[in-house]
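Enquirer: For the sequence shown, our numbering assigns the number 9 to the initial residue and increments by one for each residue that follows.
There may be inaccurate statements among the hints.
To be verified - Here are the simulated BS3-like pairs of lysine-lysine, each with C-alpha atoms no more than 30 Å apart in a straight line:
#1 Lys307 with Lys318
#2 Lys242 with Lys169
#3 Lys242 with Lys223
#4 Lys318 with Lys285
#5 Lys318 with Lys304
#6 Lys307 with Lys164
#7 Lys371 with Lys394
#8 Lys164 with Lys304
#9 Lys226 with Lys285
#10 Lys285 with Lys307
#11 Lys262 with Lys164
#12 Lys396 with Lys371
#13 Lys226 with Lys262
#14 Lys121 with Lys169
#15 Lys304 with Lys169
#16 Lys304 with Lys285
#17 Lys224 with Lys242
#18 Lys121 with Lys242
#19 Lys121 with Lys164
#20 Lys121 with Lys224
#21 Lys223 with Lys304
#22 Lys285 with Lys224
#23 Lys169 with Lys307
#24 Lys242 with Lys226
#25 Lys242 with Lys262
#26 Lys223 with Lys262
#27 Lys318 with Lys169
None of these hints come from the bench; they were simulated from the model. Being a predicted model, the structure only gives us computed values, none of them experimental.
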Amino acid sequence: MKNSEGRRLNGDAEEDDEDEDEINGGLEAWERSYADDRSWEALQEDESGLLRPIDNSAVYHAQYRRRLRARSLSATSSRIQKGLIRYLYIIIDLSRAAAEVDFRPSRMAVVAKNVEAFVREFFDQNPLSQIGLLTIKDGVAHCLTDLGGSPESHIKALMGKLECSGDPSLQNALDLTQALLNQIPSYGHREILILYSALSTCDPGNIMETIQQCKKSKIRCSVIGLSAEMFICKHLCRETGGSYSVALDESHFKELILEHAPPPPAIAEFAIANLIKMGFPQRAAEGSTSICSCHKEAKIGVGYTCPRCKARVCELPTECQICGLQLVSSPHLARSYHHLFPIAPFDEVPPSSLNDLHIRSQKICFGCQQTLLNLGKPGLCVVCPKCKKYFCLECDIYIHESLHNCPGCESFRHLKPVTAGEG
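Construct all of the structure, not just a fragment, from the sequences and the given hints.
Expert: Written as structure tokens, this is what we have:
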């Protein structure tokens, strides 16, 4: 009995191993780790000729500081103003080229994932702006979502239309987007971001005339390619003042698309300063029922009431469909303020200089209160040029990307001087 039970158990274990091998494609554990992680790309050769793992955190921070310095130099080298109210259309190429698997699992999946991250980051940095989505496939441009300020509605619409077929038409996409952006008021900054996977375009007419029309309409067009450089895309970006780049891999593509999240500099001669009428709507009651001017139907729940015409809207920021008033909230204006007066980049402190600091508090990050010494050895850190407080790399990125205020400078600003007569 014991032998038969043992053979039965061994047979079940072998069947389980075979099922697991089929699920994993017949690869061993060490083979799957190489196939999934691409670990050979995380190696570099040192001065002695040996292979060492790449310090990804240091590489990421170095890339971040280069972008920060370039952004700071571009803001001070020319007389520019920021486009805080942006109207951006994202054109996504869903032709058969988007089904290629050079980006894992496919170009379409990588684009969809990064567009979702970009939409959330865009509204975080541009609370007064709006986004619309377009797709191009089978030689036709389809308007997926209209201009709006709700990231969830854009993401939901995109995830439900991920199908690849046919050839793309760049001219049809530009014609449709130009017709939609021509209705935007003069104070809005018109932009197009094209995520292009194909190496050709199937156009019904002369695309050069369409590019000149976009230039006359003051539409800034930028393109991120996923295959190779194309002359027509480069010419489009050059004529309209946009940027053109080709992604090398998924991480590079994510870096390129997130560079379009901060408001770009607007040349003063093309962006005329105007006074904009804005309304601050009141929040409707939780259980109230009224007709929504956005969806033209009765809705129950949270909403906002236009202060001019008393129409109801679902979300902010938006434009009232009845009277045309720009509706925002006070936090939206406050969050847009930091783009006008950005924080200056912090100065890097060489590791050797930390040993020369005699004050113990200067060896601790002022933000997270963690030590700047890594296992007794000094590590990388930065110092604010105004308050002279030291910060670690993580706090440096958090301050410039999310907080937009230096904790050291703010602490000095709120300090109250104590006189001799006070207890």
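Enquirer: Next, verify each hint and record whether it holds.
Expert: Hints, one by one, checked against the model:
| no. | hint | verdict |
| --- | --- | --- |
| 1 | Lys307 with Lys318 | 15 Å, holds |
| 2 | Lys242 with Lys169 | 28 Å, holds |
| 3 | Lys242 with Lys223 | 14 Å, holds |
| 4 | Lys318 with Lys285 | 16 Å, holds |
| 5 | Lys318 with Lys304 | 15 Å, holds |
| 6 | Lys307 with Lys164 | 20 Å, holds |
| 7 | Lys371 with Lys394 | 18 Å, holds |
| 8 | Lys164 with Lys304 | 20 Å, holds |
| 9 | Lys226 with Lys285 | 22 Å, holds |
| 10 | Lys285 with Lys307 | 27 Å, holds |
| 11 | Lys262 with Lys164 | 20 Å, holds |
| 12 | Lys396 with Lys371 | 12 Å, holds |
| 13 | Lys226 with Lys262 | 27 Å, holds |
| 14 | Lys121 with Lys169 | 13 Å, holds |
| 15 | Lys304 with Lys169 | 24 Å, holds |
| 16 | Lys304 with Lys285 | 25 Å, holds |
| 17 | Lys224 with Lys242 | 18 Å, holds |
| 18 | Lys121 with Lys242 | 25 Å, holds |
| 19 | Lys121 with Lys164 | 12 Å, holds |
| 20 | Lys121 with Lys224 | 33 Å, violated |
| 21 | Lys223 with Lys304 | 35 Å, violated |
| 22 | Lys285 with Lys224 | 26 Å, holds |
| 23 | Lys169 with Lys307 | 26 Å, holds |
| 24 | Lys242 with Lys226 | 17 Å, holds |
| 25 | Lys242 with Lys262 | 20 Å, holds |
| 26 | Lys223 with Lys262 | 27 Å, holds |
| 27 | Lys318 with Lys169 | 35 Å, violated |
Hints 20, 21 and 27, counting from the list given before, are not met by this structure.
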